[in-house]
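Trainee: Please model the entire structure based on the sequences and the hints provided.
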Amino acid sequence: GRQGIQAGGASAAPGLGASPSGLVASRSLVESLLVCFQQDAACPLAREVTGLDENTLQAFALGSGGGAGDWGGGSASQPPPLFPGIYSAPLATRGGGATVLPTWTEKLIRDTLANITANVTTSTPCATDADCRKDGASPRAECLQHSGLCGRSSAHYIDALSPAVVVQGSDPNDVDTALLTAEDPAWAEPYWSARIRAELLAVPAPDSQWAAVLAGALGTVAAAGVTLWWLRCGKADLVIL
Numbered sequence: 001g002r003q004g005i006q007a008g009g010a011s012a013a014p015g016l017g018a019s020p021s022g023l024v025a026s027r028s029l030v031e032s033l034l035v036c037f038q039q040d041a042a043c044p045l046a047r048e049v050t051g052l053d054e055n056t057l058q059a060f061a062l063g064s065g066g067g068a069g070d071w072g073g074g075s076a077s078q079p080p081p082l083f084p085g086i087y088s089a090p091l092a093t094r095g096g097g098a099t100v101l102p103t104w105t106e107k108l109i110r111d112t113l114a115n116i117t118a119n120v121t122t123s124t125p126c127a128t129d130a131d132c133r134k135d136g137a138s139p140r141a142e143c144l145q146h147s148g149l150c151g152r153s154s155a156h157y158i159d160a161l162s163p164a165v166v167v168q169g170s171d172p173n174d175v176d177t178a179l180l181t182a183e184d185p186a187w188a189e190p191y192w193s194a195r196i197r198a199e200l201l202a203v204p205a206p207d208s209q210w211a212a213v214l215a216g217a218l219g220t221v222a223a224a225g226v227t228l229w230w231l232r233c234g235k236a237d238l239v240i241l
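Taking the UniProt record's numbering, the leading residue of the sequence shown gets 1, the next gets one more, and so forth.
The set of hints was computed from the structure by calculation and includes no laboratory data.
We put the CB at the ideal spot given by N, CA and C, even for glycine.
It cannot be assumed that every hint is accurate.
[To be verified] When the alpha-carbon atoms are kept at most 20 Å apart in a straight line, the in silico SDA-like pairs for lysine to any residue are as follows:
no.	residue 1	residue 2
1	K134	A118
2	K134	T122
3	K134	T124
4	K134	S123
5	K134	R152
6	K134	G51
7	K134	V120
8	K134	I116
9	K134	S153
10	K134	N119
11	K134	Q145
12	K134	G148
13	K134	T121
[Unchecked claim] Cβ-Cβ distance ranges computed for the label pairs, FRET-style:
no.	residue 1	residue 2	range
14	T177	N55	24 to 30 Å
15	G219	D174	36 to 42 Å
16	V35	A202	21 to 27 Å
17	V30	A212	51 to 57 Å
18	A127	P44	41 to 47 Å
19	V203	L179	19 to 25 Å
20	D174	V120	41 to 47 Å
21	E31	A211	54 to 60 Å
22	V30	E54	35 to 41 Å
23	L180	S154	27 to 33 Å
24	S123	A186	44 to 50 Å
25	T122	A186	41 to 47 Å
26	W187	R27	27 to 33 Å
Mentor: In structure tokens:
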């Protein structure tokens, strides 16, 4: 489904809580991320944490990789476009359902968080996530690219919805107006999963409602005037055959 990124229990989505206490920023990591976002989509950090080669990262940046947004032109030596969302449209599957594959931005952020927060669960070297499952470390274990070992990360994908949106299973969602503020209104990613739906009802603005009432009243008065004139004056012109 349409998801956001969560690490260590603190969501990266706005309005979902403050940063954990004791959090320390790494200058080198920030500098590496800036290179990825501002200079080179196939930056060294992206290659390290995702395990993807330069050509694959280039495909993501160009929109021709699995699930990447169709951004058009450019190359891996250029920064990715600063699209406000990080999720691509769902793709149809053979089973008739839909799946959402990561974009370049999504994979870079999530895999970076995974490498930072993961706990190593085995000393067996790995090259892919499949190697970890063969080792039996954990069904949720993944191959940590920076160490080449299997681990379980606390970085997950969550539904990217405003806290004010109350999900009610398969029923239409509700909105908790008490959680809406001018600084943090209701928001959501542009693409939602199939299980998330809402009913949208158009409500006329108060000014347009009064305008409709006034127009109706004037129309009624005009119709009554024409009818009265016809009853008083128009009948004299009628010829009965």
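Trainee: Hints first: check each against the structure and report whether it holds.
Mentor: Results for each hint:
Taking the CA atoms of K134 and A118, the gap is about 19 Å. The hint holds against a cut of 20 Å. Proposed proximity of K134 and T122 is supported: the alpha carbons are some 12 Å apart, at most 20 Å. For a cut-off of 20 Å, the pair hint linking K134 to T124 stands: about 11 Å separates their Cα positions. Among the hinted pairs, K134 with S123 is consistent with the structure: their alpha-carbon atoms are about 13 Å apart, no more than 20 Å.
Among the hinted pairs, K134 with R152 is consistent with the structure: their alpha-carbon atoms are about 15 Å apart, no more than 20 Å. Taking the CA atoms of K134 and G51, the gap is near 19 Å; set against the 20 Å cutoff, the hint holds. Distance check on the hinted pair: K134 and V120 sit about 16 Å apart at the alpha-carbon level, within 20 Å; holds. Taking the CA atoms of K134 and I116, the gap is near 23 Å; set against the 20 Å cutoff, the hint is violated.
Taking the CA atoms of K134 and S153, the gap is about 18 Å. The hint holds against a cut of 20 Å. Restraint check for K134 and N119: the C-alpha separation of about 18 Å stays at or below 20 Å, so the hint holds. With a C-alpha separation of about 17 Å, the suggested pair K134 and Q145 falls inside the 20 Å cut-off, and the hint holds. This hinted pair checks out: K134 and G148 have alpha carbons roughly 15 Å apart, not beyond 20 Å.
Proposed proximity of K134 and T121 is supported: the alpha carbons are some 13 Å apart, at most 20 Å. Range check, T177 to N55: Cβ separation about 49 Å, and the 24 to 30 Å hint is violated. At roughly 39 Å, the beta-carbon separation of G219 and D174 lies within the given 36 to 42 Å, and the hint holds. Separated by about 46 Å at the C-beta atoms, V35 and A202 break the suggested range of 21 to 27 Å.
Checking the proposed 51 to 57 Å range against V30 and A212 shows it holds: the Cβ atoms sit about 56 Å from each other. Distance hint check: the CB atoms of A127 and P44 are about 19 Å apart, inconsistent with the given range 41 to 47 Å. The hint said 19 to 25 Å for the Cβ distance between V203 and L179, and at roughly 20 Å that hint holds. Roughly 42 Å separates the CB atoms of D174 and V120, a value that falls within the hinted 41 to 47 Å.
For E31 and A211, the Cβ-Cβ distance of about 58 Å falls inside the hinted range of 54 to 60 Å, so the restraint holds. At roughly 23 Å, the beta-carbon separation of V30 and E54 lies outside the given 35 to 41 Å, and the hint is violated. Taken as a hint, the range 27 to 33 Å holds for the pair L180 and S154, whose Cβ atoms sit roughly 30 Å apart. In this structure, S123 and A186 meet the distance hint of 44 to 50 Å, their C-beta atoms being roughly 47 Å apart.
Between T122 and A186 the beta carbons are some 43 Å apart, a value that agrees with the proposed interval 41 to 47 Å. Range check, W187 to R27: about 31 Å between beta-carbon atoms, so the 27 to 33 Å window is met.
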